[in-house]
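Listed below are the residues making up each chain.
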Amino acid sequence: MKLTVASSPHIRGNFRTNRIMADVVLALLPALAVGIWHFGVSALVVTLICVASAVAAEWLYSVVTKGRNTIVDGSAVVTGLLLAMTLPNTVPYWQAALGSVFAIVVIKCLCGGLGQNIFNPALAARAFLLLIYPVGLTRYQVDGVTAATPLHHMVMPALPEESLLDMFLGNCPGSIGEISALALLIGGGYLVYRKIISIRIPAAYLGTVVVVTLVFSKTDAPLQWMLYSLLSGGVMLGAIFMATDYATSPATPVGQVVYGVGCGVMTVVFRYFGLFPEGVTYAILLMNALVWVIDYYTPIRRFGAGKGGEKA
Amino acid sequence: MKKLFFGGIHPKYNKEMSTQSGGLPVITPKQVVIPMQQHIGAPCTPLVQVGDRVLRGQKIGDGEGLCVPVHASVSGTVAAIEPRLHTNGRMATAVVIDNDFQMEEATRQENAAPLNQLDADTILHAIREAGIVGMGGAAFPGNVKALSAMGNVDTLIANACECEPYITADDSLLRTSPEQVLMGMEILGSVLHPKRMVLAVEDNKAQAIETVEAIRKDHAEIELAILPTRYPQGAEKQLIQSLTGREVPPGQLPVSVNCAVFNVSTFAAIYRAVRLGMPLTERIVTVSGEAIAKPQNFMVPIGTSFHDLIEVAGGLHDKTERVISGGPMMGFAQRDLAVPVVKATNSVLCLLKDENGAAENPVCLRCGKCVGVCPMRLQPLYMYRFTNAQRVEELERLHVLDCIECGSCAFTCPGKLPLVEVFRRGKQLVREAKAK
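Chains A and L, in that order, give the protein sequences.
For the first sequence, my numbering gives the first residue as 249, with consecutive numbering after it.
For the second sequence, my numbering gives the first residue as 112, with consecutive numbering after it.
Treat the hints as calculated values from the structure; they're not laboratory data.
Since we're looking at a predicted model, the values are computed, not measured.
All C-beta atoms, glycine included, are put in the ideal place defined by N, C-alpha and C.
Some hints here could point you the wrong way.
To be verified - Straight-line C-alpha distance at most 30 Å; calculated BS3-like pairs for lysine-lysine:
#1 L:Lys464 x L:Lys547
#2 L:Lys405 x A:Lys443
#3 L:Lys547 x L:Lys527
#4 A:Lys250 x L:Lys126
#5 L:Lys141 x A:Lys250
#6 L:Lys527 x A:Lys250
#7 A:Lys443 x L:Lys527
#8 L:Lys527 x L:Lys114
#9 L:Lys328 x L:Lys405
#10 L:Lys328 x L:Lys123
#11 L:Lys464 x L:Lys545
#12 L:Lys126 x L:Lys114
#13 L:Lys527 x L:Lys126
#14 A:Lys314 x L:Lys527
#15 L:Lys538 x L:Lys114
#16 L:Lys141 x L:Lys430
#17 L:Lys170 x L:Lys141
#18 L:Lys126 x L:Lys464
#19 A:Lys250 x L:Lys464
#20 L:Lys527 x L:Lys430
#21 A:Lys250 x L:Lys405
#22 L:Lys405 x L:Lys141
#23 L:Lys547 x L:Lys123
#24 A:Lys443 x L:Lys114
#25 L:Lys464 x L:Lys430
#26 L:Lys114 x A:Lys250
#27 A:Lys443 x L:Lys464
#28 A:Lys443 x L:Lys126
#29 L:Lys114 x L:Lys306
#30 A:Lys250 x L:Lys170
Unchecked claim - Taking beta-carbon pairs under 8 Å as the criterion, some of the chain A residues facing chain L (in silico):
#31 Leu251
#32 Thr252
#33 His258
#34 Gly261
#35 Phe263
#36 Leu362
#37 Thr386
#38 Gly552
Next comes chain L alone, as it looks inside the complex (with noise of 0.2 Å):
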């Protein structure tokens, strides 16, 4: 198959073990931790007290500036108002709820109005108002995104690669709404008049390309893009590629090549918040991984815990080395399973020890294996020698700073070299110089 992006790797992926037949179960958590920053920006402040009851779909919070809100997931009573533990390792201020079981919901506008009698204005506050981000990993908020997008982009995609391992949410959201994906994109083309809405799926995912096809006479202008699965085929910048051929210029953003990508799960928010007035409060979560018993995904409220989630799994084996958050090539290992679900987290990956994993004496043999898959076109070889080195202007020369930490170069390195790792560490200290 003809390679649409520069380097990549193929792992091993996984995914049959949580791709159920049938629907997704809902998780009731007894209570939920709410963040109140689930989105790159500012936090937002809290709207409630403690002992205040609250609804499903009430705003617990918002802020100014880059902030979306962030909405109860469950009816119930504030309990607390403190820091907690969040997936990012950092603590932060969350609102913690216990959950009454009522399932009462708080009221919500739907909206049937054809698209060209919604204007921008509605459907970007709607966006906001629903507490919308980038639901692929990167937590930007949506409405902030679509604003900059509009008058610059000419292709408008939806992602759907899902190219991590074991992870198979967006796959899930496929295979069961696939109407709601199809008509977000329609709202948002309606706010961005693209000259081209396309789909991106993966080959790996048969059943979701099916259904998508299924329905898709109805929506004629949207494509669909089927791509070889090759990782990191989702990754923004490799994605724009390997669809339109253009390159986003280094530390520029996908409107520079006059590209807009959204996850597809952001596409059925962006719908349920536009039609059906709901906000953001509860996502597909995949939970698999070799050390769980029974690999699923589920439709879970927002503060969910860890902890619950993996006890509904069937809950953990013994010799569980690592829980992540995201998934095995790009996710963030947990030390306290308390976190809780954010509107970013596509999965909870319980893991057993890696056989292949790092080494006690990582030794770079040179073989260059690593150029070869880095999607960036880097040289990671040197990067490492030149980190551990602490030589600045060699690594800003090998453009360090274009890592995507994607960790093609780590998982190929016979070597067992720590190379993501080392990177972070090799771009803190060239911002660090460009600070001074």
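Pulled out of the complex, with its shape left as it was, chain A reads as follows (with noise of 0.2 Å):
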């Protein structure tokens, strides 16, 4: 019998890459059927063309550089959902298309594959069509009629016309998976449930949100201000899913509540004076630009440092 002499622990969890991946697009799914109860079959389409090509692109990606494949691991997938639910209904297919191949061969595969990109895949894809087809990513329809979505409004400054409660529900236009918060919130909920994700990026950009607005509130009505902020554009979608990437968000505990802090001032600070209605997308890849420094620096008590007990 050949028996197997290798480094302890000689068991390990069942805890797997695959399965990260599979509870998030799970959790993706309540704010993708929104979606596509909302803005109807092209939603669909849209999210459909994002994965395929995000997956198509590992596998060229892997073939063409004779490098192993890697589309088991699920995390172009990922990336493809992610970059669809940030992209409103109508964009050209095409823009989709080369959006998702952005993110998976230039952001991710480039920058050494997964775990090793320092941008969030998905938000890189979407700054960078917002660059260069502002208009494919900014046109919002409902029935086939262009709306202006809440924040567009909120840039006036004034209150939306949507009702918090539609807001809040997903009856508003917008990206396909950015309307609903409380479709965003179960998923986040179950990602924290099945402690995919820690509560404290989400809590801390969110809570800084609410501090920020409510504080430099741009109509004399400051709590409702606060409520349309943190219900409208990518705020939810953002802080829940994309901030809380793993690769491109700190792995310290104190680091995650720092940089949630920081998107969070970001956000509002690129809202209030930034070019476009919207902050988050600019806000998270900001921060992920600081996730090494911020995790070098965040000191984390040495075991022993601190408490030595009394003396006998």
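Both chains come to you apart, so use the hints to assemble them.
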């Protein structure tokens, strides 16, 4: 009998990369369902195109570079799905596909692959598309009629026409996966319950948006202004699904809080002073760049350096 | 349940496999191989020669300095004195004894004197002469540890957490001979004069807890602490933290926070040494795992080969992948089953291939789970990265030397990184740099 001599531990848990990815996909399904219900079948088509082109790009990259086939880890599916969530259902299909390829090849694979990328692939692709095709990315339609999103009202600044309840449920114009806070919160709750993500980043992010928009309200109804700020645009999607991306967020507990606060502050800053009504994409991308610095300078109290206990 | 120490994990414990009722079957091997070094410190010099007849309990090796003697575990004839493979993977001088099955025992001195009439020197001497080492795995000479704790300890801890999956040796001891453990604690207590004596058990050992409770009225000064089951509860620093809230400072020993921790088997051995004059020649060993036919606990003479023990437990499965000395989280995989059970061997674990085992292409996702489970508050993902990059100054900044190699990070890692293996290398890099 040939016995294997290997390092301890000799048993491992059943927590696997593809299981994590499957859980993230599952957690996104409520938001996707609301998107399809609200925008129609075009939302589903855009989503399928994004996912298919992301997986195809991952496969082609491995063929061309003669590298390992990494499709099975499921991360390309998640990237494609996340990108679709940030796009309007009216986006030209080829732009959606281009975004997925850019996310996978340029942002992920060329940076060294899974876990090595500095920027969130889906958001970097969205930022890329927003710069070169601003029209395709910002034309929101409901029932074939172009509509202004709640965020467009808030730029004026004014409170949106939609009721807070409509915004909470997802009855408003916007990108495919961002409109329903309820669906996103259900997905986020599932991820926290399954311990896929910690609640630190979403809580710090959303908490910061609450505080900053309350204190610096642009209308004379700060409470409503805060609630609309929280429910409009991509804040929920960003805080729950984008800012919690493993590769591009800090790994240390305190670092995660610092990062979440940074995302929250920058989101409001970009919304108040930026070129676009939305600030989430650039806020998270900016904080992505600081992740390693945050982890490096985040102190963790060393075991035994704090409490020595009373002496006898 | 409130967390009493940082991090930790909940592996599948599989303890029911080896917890049989009734007594412990005693093994009678044809031959025993007794290494001259079964403790941390200097090896023993053999005191016998090939052809000598030896009795069970007879001292067959001793030495100077940080060293405790070794004893024959069976009666019989010395067949060889030669280097043999040890469970640590190295060759070491061993006395090989052919068992004559006479079970003839060397004369021993019982001592029933009341505790207040036993002085510390007598007790420490008896502990040394019995060859007692820490039986939880570290194998540090018991008398030296006790001596260094004298006058510096307010809490004496008996460790029966046994947090490693599969192993039920300490559990068996508490179920079969709890009075030996409690009396051993009282003996050491009379040397160390602690304010508090605690027997710590994880809450997954209901029967052991019941047995101890039943006799505790006669040992009122001993506290029974029932701790929530979580790995690595039984690691020394984590156990002290759970029981006292104190953290052993980096690079220091429990005595720096006025604690002394001994395994329950060590306490039972101390009792037998001091009261019965019996040296440490046998111990309870769990033989378990999916790859063994009849998992159970045995009373095993020191020096019995893994092979003999496995035979008695019904033999190995055809697809056995690993045989481990110790637990699945921190034990050592063996390549040759001729290795003997030594004083610190609490388990022979036989495992099939783990379907969650190491990946061909381990990838760090940066998920940070490793940071969350590390009981030493380290950052395994960065330690892994910087060891691979050979960045010694970064490894020092990350306190890689604080790592207790409990394996919680590697167990949890979804990317299946070989974390513990790499950290051993990282520690080596830092030690080498410090030596320069």
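Checked hints:
no.: 1; hint: L:Lys464 x L:Lys547; verdict: violated, 42 Å
no.: 2; hint: L:Lys405 x A:Lys443; verdict: violated, 37 Å
no.: 3; hint: L:Lys547 x L:Lys527; verdict: violated, 34 Å
no.: 4; hint: A:Lys250 x L:Lys126; verdict: holds, 26 Å
no.: 5; hint: L:Lys141 x A:Lys250; verdict: holds, 25 Å
no.: 6; hint: L:Lys527 x A:Lys250; verdict: holds, 23 Å
no.: 7; hint: A:Lys443 x L:Lys527; verdict: holds, 18 Å
no.: 8; hint: L:Lys527 x L:Lys114; verdict: holds, 26 Å
no.: 9; hint: L:Lys328 x L:Lys405; verdict: violated, 36 Å
no.: 10; hint: L:Lys328 x L:Lys123; verdict: violated, 34 Å
no.: 11; hint: L:Lys464 x L:Lys545; verdict: violated, 39 Å
no.: 12; hint: L:Lys126 x L:Lys114; verdict: holds, 22 Å
no.: 13; hint: L:Lys527 x L:Lys126; verdict: holds, 25 Å
no.: 14; hint: A:Lys314 x L:Lys527; verdict: holds, 23 Å
no.: 15; hint: L:Lys538 x L:Lys114; verdict: holds, 28 Å
no.: 16; hint: L:Lys141 x L:Lys430; verdict: holds, 27 Å
no.: 17; hint: L:Lys170 x L:Lys141; verdict: holds, 20 Å
no.: 18; hint: L:Lys126 x L:Lys464; verdict: holds, 19 Å
no.: 19; hint: A:Lys250 x L:Lys464; verdict: holds, 12 Å
no.: 20; hint: L:Lys527 x L:Lys430; verdict: holds, 22 Å
no.: 21; hint: A:Lys250 x L:Lys405; verdict: holds, 21 Å
no.: 22; hint: L:Lys405 x L:Lys141; verdict: holds, 21 Å
no.: 23; hint: L:Lys547 x L:Lys123; verdict: violated, 43 Å
no.: 24; hint: A:Lys443 x L:Lys114; verdict: holds, 17 Å
no.: 25; hint: L:Lys464 x L:Lys430; verdict: holds, 8 Å
no.: 26; hint: L:Lys114 x A:Lys250; verdict: violated, 41 Å
no.: 27; hint: A:Lys443 x L:Lys464; verdict: holds, 27 Å
no.: 28; hint: A:Lys443 x L:Lys126; verdict: holds, 26 Å
no.: 29; hint: L:Lys114 x L:Lys306; verdict: holds, 25 Å
no.: 30; hint: A:Lys250 x L:Lys170; verdict: violated, 37 Å
no.: 31; hint: Leu251; verdict: holds, 6 Å
no.: 32; hint: Thr252; verdict: holds, 5 Å
no.: 33; hint: His258; verdict: holds, 4 Å
no.: 34; hint: Gly261; verdict: holds, 5 Å
no.: 35; hint: Phe263; verdict: holds, 5 Å
no.: 36; hint: Leu362; verdict: holds, 5 Å
no.: 37; hint: Thr386; verdict: violated, 32 Å
no.: 38; hint: Gly552; verdict: holds, 4 Å
Of the numbered hints listed earlier, those contradicted by the structure are 1, 2, 3, 9, 10, 11, 23, 26, 30, 37.
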